[in-house]
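Peer 1: Taken in order, the sequence shown gives residues 1 to 524; the numbers are from our numbering.
Hints are not guaranteed to be accurate.
Said to hold, decoys possible - 27 Å max Cα-Cα, derived BS3-like pairs, lysine-lysine:
no., residue 1, residue 2
1, Lys260, Lys21
2, Lys453, Lys497
3, Lys518, Lys500
4, Lys464, Lys453
5, Lys21, Lys228
6, Lys405, Lys453
7, Lys86, Lys417
8, Lys256, Lys413
9, Lys417, Lys518
What the hints assert, rightly or not - Each pair of labels, with its calculated beta carbon distance range:
no., residue 1, residue 2, range
10, Gln319, Lys518, 21 to 27 Å
11, Gly143, Phe361, 18 to 24 Å
12, Pro99, Gly217, 24 to 30 Å
13, Phe361, Pro456, 31 to 37 Å
14, Asn333, Asp505, 32 to 38 Å
15, Leu155, Asn509, 17 to 23 Å
16, Phe361, Gly126, 38 to 44 Å
17, Pro99, Gly307, 47 to 53 Å
18, Asn150, Thr227, 51 to 57 Å
Please keep in mind that the hints were generated in silico from the structure rather than gathered at the bench.
Think of the CB as a built atom: it goes at the ideal place given N, C-alpha and C, for glycine as much as any other residue.
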Amino acid sequence: MIERLRNIEPVDLTTFTNELKEEIVALVSDKIPHLESSLAVAELTVALHYLLNTPEDLLIWDVGHQGYVHKALTGRLEALATQRTKDGISGFLKRDESPYDFFGAGHASTSLSVLTGACIADAASGRERKRVAVIGDGSMTGGQSFEALNHLATLAGDAVVVLNDNDGSIDPTVGALHEGNSYSSYIQSLDWEYSYLAEGNDVLALVESLKSVIDRGGKQVLHIRTTKPILSKTKSYQPGTTFQWWAAEQMRSILKSNDKLRVFSPAMFASSGFGPLRAEFPEQFIDTGINEPHTVTAAAGMAAAGGRAWVHIYSTFLQRAMDQVIHDIALQNLPVIFLVDRAGLVGADGPTHHGVFDAGFLADVPNATVWNPRNGDELQAMMAEAFTIQDSLEGPLFIRYPKAKTVCGTAEKFEPKKWISRQGSNSLFLSTGALSSFVASGVFDHLHVGQVKPLPQDLAEILKDYTNVLVLEEGLGTGGFFGAVAGLVADKDLEVKLVKRKISDEFTNHGNRHELLKELGLIP
Numbered sequence: 001m002i003e004r005l006r007n008i009e010p011v012d013l014t015t016f017t018n019e020l021k022e023e024i025v026a027l028v029s030d031k032i033p034h035l036e037s038s039l040a041v042a043e044l045t046v047a048l049h050y051l052l053n054t055p056e057d058l059l060i061w062d063v064g065h066q067g068y069v070h071k072a073l074t075g076r077l078e079a080l081a082t083q084r085t086k087d088g089i090s091g092f093l094k095r096d097e098s099p100y101d102f103f104g105a106g107h108a109s110t111s112l113s114v115l116t117g118a119c120i121a122d123a124a125s126g127r128e129r130k131r132v133a134v135i136g137d138g139s140m141t142g143g144q145s146f147e148a149l150n151h152l153a154t155l156a157g158d159a160v161v162v163l164n165d166n167d168g169s170i171d172p173t174v175g176a177l178h179e180g181n182s183y184s185s186y187i188q189s190l191d192w193e194y195s196y197l198a199e200g201n202d203v204l205a206l207v208e209s210l211k212s213v214i215d216r217g218g219k220q221v222l223h224i225r226t227t228k229p230i231l232s233k234t235k236s237y238q239p240g241t242t243f244q245w246w247a248a249e250q251m252r253s254i255l256k257s258n259d260k261l262r263v264f265s266p267a268m269f270a271s272s273g274f275g276p277l278r279a280e281f282p283e284q285f286i287d288t289g290i291n292e293p294h295t296v297t298a299a300a301g302m303a304a305a306g307g308r309a310w311v312h313i314y315s316t317f318l319q320r321a322m323d324q325v326i327h328d329i330a331l332q333n334l335p336v337i338f339l340v341d342r343a344g345l346v347g348a349d350g351p352t353h354h355g356v357f358d359a360g361f362l363a364d365v366p367n368a369t370v371w372n373p374r375n376g377d378e379l380q381a382m383m384a385e386a387f388t389i390q391d392s393l394e395g396p397l398f399i400r401y402p403k404a405k406t407v408c409g410t411a412e413k414f415e416p417k418k419w420i421s422r423q424g425s426n427s428l429f430l431s432t433g434a435l436s437s438f439v440a441s442g443v444f445d446h447l448h449v450g451q452v453k454p455l456p457q458d459l460a461e462i463l464k465d466y467t468n469v470l471v472l473e474e475g476l477g478t479g480g481f482f483g484a485v486a487g488l489v490a491d492k493d494l495e496v497k498l499v500k501r502k503i504s505d506e507f508t509n510h511g512n513r514h515e516l517l518k519e520l521g522l523i524p
């Protein structure tokens with residue numbers, strides 16, 4: 001399709017783009033995530049591939065939310081029907097999927113740093129080519145993008161940055177640059193040339209503007225305004241069916257009881273099920289934009305000032321703020337509560353978003369407490385307990401829960417551990433989190449451990465009564481729950497055989513969450 005595009009006359013570009021959008025919608029209309037963002041840059045994508053000799057020339061995308069049209073143009077139109085499904089193509093850009101995907105993009109605000117590195121590599125090798133990065137769709141709120149813009153301005157070589165201004169990604173764009181429309185003065189203060197195009201959905205206007213900034217050379221920012229088509233409503237969850245619904249319901253109760261409490265999040269309230277709550281309690285939700293390190297340290301600052309700070313963050317994005325968790329919260333004994341959403345395998349978003357690393361690194365953070373609920377009832381009980389004990393904590397508390405449906409039982413009081421089944425066996429299933437709900441009742445005893453750091457004080461006494469213990473964990477198993485149990489067994493010199501069932505030490509691909517858990521042997 002690329003060759004066909006490059007051989008058509010400019011006058012036919014609008015028709016070509018409109019027909020391509022119709023084909024994409026017909027193929028992926030049942031896979032709404034990110035489709036709106038991609039359709040909003042259809043004209044931009046066509047214009048860029050029309051002007052650039054990709055993949056020889058560099059085209060770098062931020063996040064990958066905007067990549068469907070790019071994929072369609074680069075030989076993956078029909079494959080879009082399989083995206084985000086097991087054995088199908090990724091919903092994001094992926095280097096091993098196509099030579100046109102110069103850099104894998106799943107997390108936001110990386111494109112300008114990638115562009116910086118490419119400029120340095122080309123300068124070192126003497127390679128001449130066009131280099132364009134597309135950022136926006138919320139990514140221009142991320143601190144890394146500002147760091148890269150500042151650094152890249154000082155380097156030799158041509159570079160073009162296209163700022164796609166569409167008022168947001170999943171949540172609306174926040175911050176003074178956007179609200180004050182002060183991109184021009186800020187960008188020019190860093191010695192970049194700045195151009196603006198209001199008609200960002202006009203492919204002919206884009207071709208003209210892009211050709212102009214590319215031909216001028218040097219460091220160029222083209223700021224375009226685009227409009228997303230409205231294809232879906234804000235994410236909602238059917239009452240009583242998911243961990244996200246239970247979390248939102250309990251948070252509503254907590255917020256009603258304390259109007260001084262604040263919930264921080266790096267631009268993920270809407271997708272987490274907290275969107276309606278944010279509308280109901282606007283003063284108590286702090287959207288920092290795509291700024292995970294800033295989010296965590298801002299919460300630390302609030303706690304240091306005596307305030308009640310909670311942080312809602314995806315497990316995969318918590319990775320981006322581990323220094324702040326350690327240095328700014330745990331080291332300073334600050335009582336910040338973290339709701340770690342999407343812990344474990346997330347399914348369709350795949351390896352860029354699976355929440356399988358935080359369990360290991362949180363296990364090594366002094367002063368941290370980590371809880372893994374097995375169902376929605378226990379999640380609510382944990383949140384209620386966290387609210388009750390927050391002022392007495394001497395460090396952060398992390399409540400980790402998956403993107404998943406959950407069984408519904410009766411309201412509970414939080415307990416660090418809970419017997420699910422006691423059969424008098426010499427073998428024990430030791431599980432944590434949502435996997436506890438998948439263990440079939442049978443001849444083995446089964447103990448669910450909700451508090452994995454620190455482990456329950458009497459766990460060693462329980463383990464010494466067993467010959468075999470199977471530890472079940474939705475993590476890599478090199479740290480986390482299994483590592484803690486293995487350490488306990490070694491410290492107490494227990495004569496027990498430990499067997500671990502965990503996620504493989506590799507990046508798990510995308511697919512249905514239940515399919516992936518079954519394939520990995522974590523559920524029957």
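Peer 1: Work down the list of hints and note, for each, if the structure agrees.
Peer 2: Here's how the hints hold up against the structure:
no.	hint	result
1	Lys260 to Lys21	violated (47 Å)
2	Lys453 to Lys497	holds (22 Å)
3	Lys518 to Lys500	holds (16 Å)
4	Lys464 to Lys453	holds (20 Å)
5	Lys21 to Lys228	holds (13 Å)
6	Lys405 to Lys453	holds (25 Å)
7	Lys86 to Lys417	violated (35 Å)
8	Lys256 to Lys413	holds (20 Å)
9	Lys417 to Lys518	holds (25 Å)
10	Gln319 to Lys518: 21 to 27 Å	holds (26 Å)
11	Gly143 to Phe361: 18 to 24 Å	holds (21 Å)
12	Pro99 to Gly217: 24 to 30 Å	holds (26 Å)
13	Phe361 to Pro456: 31 to 37 Å	violated (21 Å)
14	Asn333 to Asp505: 32 to 38 Å	holds (34 Å)
15	Leu155 to Asn509: 17 to 23 Å	violated (36 Å)
16	Phe361 to Gly126: 38 to 44 Å	holds (41 Å)
17	Pro99 to Gly307: 47 to 53 Å	holds (50 Å)
18	Asn150 to Thr227: 51 to 57 Å	violated (30 Å)
Of the hints listed earlier, those the structure fails to meet are numbers 1, 7, 13, 15, 18, in rising order.
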